[in-house]
Amino acid sequence: MKFQKKRAATKQGIPTSSMPDIIFMLLLFFMVATTLREQEVYVSFTLPEAKAIEKIENKRLISYIYVGKNGRIQIDDAIVQLKDIQDIMYKKRVALPNVIVSLRIDKNTNMGLVTDIQQALRKADARRINYSARMKE
Amino acid sequence: MIHLKRRKREGAGEFSTASMADITFLLLLFFLVSTVIDVDTGIGLTLPEYIPPEEQELAPLSKDRLAALLINENGDVLLNGEIIAIPQIQDNLIERIKSKIDLPKNKKLVVSIKTDRKTNYNLYIQALDEVKSAYFKVREEYALSHWGKKVKDLTDDQIKELREKIPIIISIAEPEQVK
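Chains as they are written, first to last, in our numbering: chain Y, 1344 to 1480; chain P, -3 to 175.
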């Protein structure tokens, strides 16, 4: 006697018709979360580490100043001189009154340079700053 | 009579959606690769207003309000004239901050940080971090004992009160002229 295998009447296989929807959803998430890197960083630096750090909520307000290992300073897309910082930051401050200046400074920089930058920022009246640091484990 | 038969194509007016998933995958991949979910973290601070040296006035500050931190180029730290190590700053300050919680606004602790021009930036951040940690710890403790909640769960009014009770006052000393 031959046994007949019992088969479920329903078709096997996962319906794939909703796949594009799912992927669209993922896509939308990434599109919203993306900030395209708008500027290239020319200086190399290692950020210091700290424990008591906070997140900056509003990314649109941030303006970066990079200071590299060799003491070069970059604002936006260009390497600038120390004496130019005041003018540049003043213009930014006029355009965006509550600008937050994020200082991304290499950890082996001398405080002299940092102080000079801070003095320039004070003169430009861009006084909200943030010492960028990584989370210490 | 000739019967004209309309020719009907089968499956007309439809296009296949099978490749839709592939196209979306491609887009998804592009955004995945180009995304930088990079939240800027760091230690926030508000610099004092710039006042030209001629117009500066020295505001007297009583000794018990002031915690003066000096960091020299060798990495030695002085807190009110005593040499201490950076990890000790936190414990030292916590007591002093706590003792001033119930004092009026103009008697709270002021932490002043002063560095040499050749001090390492990393050291300065470590010291600043310690000071901030001390304040955060006191705030956390205060919130827990008064409202039984963590700081991040407080309501806006409570946060306002907390900030009034334990304000973070960090003063970056005016740099000295280059010798």
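Simulated from the structure, these hints should not be mistaken for lab results.
Warning: the hint list may mix true and false statements.
As the list claims (entries may be wrong) - Computed cross-link-like contacts, BS3-like style, restricted to lysine-lysine with a CA-CA straight-line distance of at most 30 Å:
#  : chain 1 : residue 1 : chain 2 : residue 2
1  : P       : 101       : Y       : 1398
2  : P       : 94        : Y       : 1466
3  : Y       : 1426      : P       : 133
4  : Y       : 1349      : P       : 148
5  : P       : 145       : Y       : 1450
6  : P       : 103       : Y       : 1394
7  : P       : 101       : Y       : 1450
8  : P       : 146       : Y       : 1426
9  : Y       : 1479      : Y       : 1426
10 : Y       : 1354      : Y       : 1394
11 : Y       : 1426      : P       : 114
12 : Y       : 1394      : P       : 114
13 : P       : 133       : Y       : 1348
14 : Y       : 1402      : P       : 156
15 : P       : 161       : P       : 94
16 : Y       : 1398      : P       : 59
17 : Y       : 1466      : P       : 146
18 : Y       : 1402      : P       : 94
19 : P       : 59        : Y       : 1479
20 : Y       : 1412      : P       : 161
21 : P       : 101       : P       : 114
22 : Y       : 1398      : P       : 148
23 : Y       : 1402      : P       : 103
A quick look at each hint next to the structure:
no.	hint	in the structure
1	P/101 / Y/1398	holds, 27 Å
2	P/94 / Y/1466	violated, 35 Å
3	Y/1426 / P/133	violated, 39 Å
4	Y/1349 / P/148	violated, 60 Å
5	P/145 / Y/1450	violated, 36 Å
6	P/103 / Y/1394	holds, 28 Å
7	P/101 / Y/1450	violated, 35 Å
8	P/146 / Y/1426	violated, 45 Å
9	Y/1479 / Y/1426	violated, 33 Å
10	Y/1354 / Y/1394	violated, 57 Å
11	Y/1426 / P/114	holds, 20 Å
12	Y/1394 / P/114	holds, 24 Å
13	P/133 / Y/1348	violated, 70 Å
14	Y/1402 / P/156	holds, 24 Å
15	P/161 / P/94	holds, 10 Å
16	Y/1398 / P/59	violated, 34 Å
17	Y/1466 / P/146	violated, 38 Å
18	Y/1402 / P/94	violated, 34 Å
19	P/59 / Y/1479	violated, 33 Å
20	Y/1412 / P/161	violated, 41 Å
21	P/101 / P/114	violated, 35 Å
22	Y/1398 / P/148	holds, 13 Å
23	Y/1402 / P/103	violated, 35 Å
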